Amino acid sequence: MKNEPVIIVSGLPRSGTSLVMQMLEQGGVEAVTDNVRKPDKDNPRGYYELQKTLSLEEDNSWLHEMRGKAVKVVSPLLYDLLFSEKFKVLFVQRDIREILASQAAMLGEGIEEERGDDEMAAAFSKHLAMVLDWLHRQSNMEVLTINYKGLIAAPEEGAGIMNEFLGGGLDEAAMARAVDPTLYRRRLS
Amino acid sequence: MPKISIDPLVYSEAKWAAESLGYSSLEEFVHHVIEKELSKLASPEEDAAIDRRLKGLGYIK
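Those protein sequence lines, which keep their order, are chains A and B.
Everything in the first sequence is counted per full-length UniProt numbering, starting at 1 for the first residue and increasing by one.
Everything in the second sequence is counted per full-length UniProt numbering, starting at 1 for the first residue and increasing by one.
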């Protein structure tokens, strides 16, 4: 436990991070959540969030206690992780248009947005390129990128790759069973 | 005009690349490369738009 890296599940909101947290939990990893945000129609199996991650900039010392456990951290907050800690980052990627559609559904009607989808897609794409470039340059972080669509299509294969990345020992069959294709609702085709 | 220092090896490779690619000068090549890289970065307005969206979704404070 002492030398184990902290497992971080990251990506843009609505990219599939909660699904990866569920898979890890089913596989035998402790998925840390405070359950402040309750399951709802947008995420019926739960958000797997930890409110403390929203304040990483002010206090990230608690990350030491997360060794060997999985914590969900949305991509813009990754820059606030501890330099002195080792991390294994599972970074989920999904088609930006699907992410925007899912975010819009979550925001609901009546939310004013200054920018259209094309501009938001461009902004998010640049953000992702920058954060992934930054991640790969961090000596204390190992990164596995996970394609959400591919994970839904081949959960057993995805579970195997994640298990190998994390050093083995996880229940891959249980991880794969956590994938419910019916919850992939904002697909483009 | 501001000046910057670069590694001599990078300098010679950049000089070769500028000539090979048909740039009129090394300065023109370096200017183009930096501009191209800068265009990949999110602008302050784009960063602000992302912040607003994620705050709306409750993912950042």
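FYI, nobody ran anything at the bench for these hints, they're computed from the structure.
Keep in mind that this is a model prediction, so the values were computed, not measured.
All residues carry an ideal CB built from backbone N, CA and C; glycine is no exception.
Some hints could be false.
Unchecked claim - Here are some, though not all, of the chain A residues that point toward chain B, as calculated from beta-carbon distances under 7 angstroms: (1) Val74; (2) Ala104; (3) Gly108; (4) Lys126; (5) His127; (6) Val131; (7) Leu132.
Task: Enumerated hints in conflict with the structure, sorted upward - done: Numbers 2, 3, 6 and 7, in rising order.
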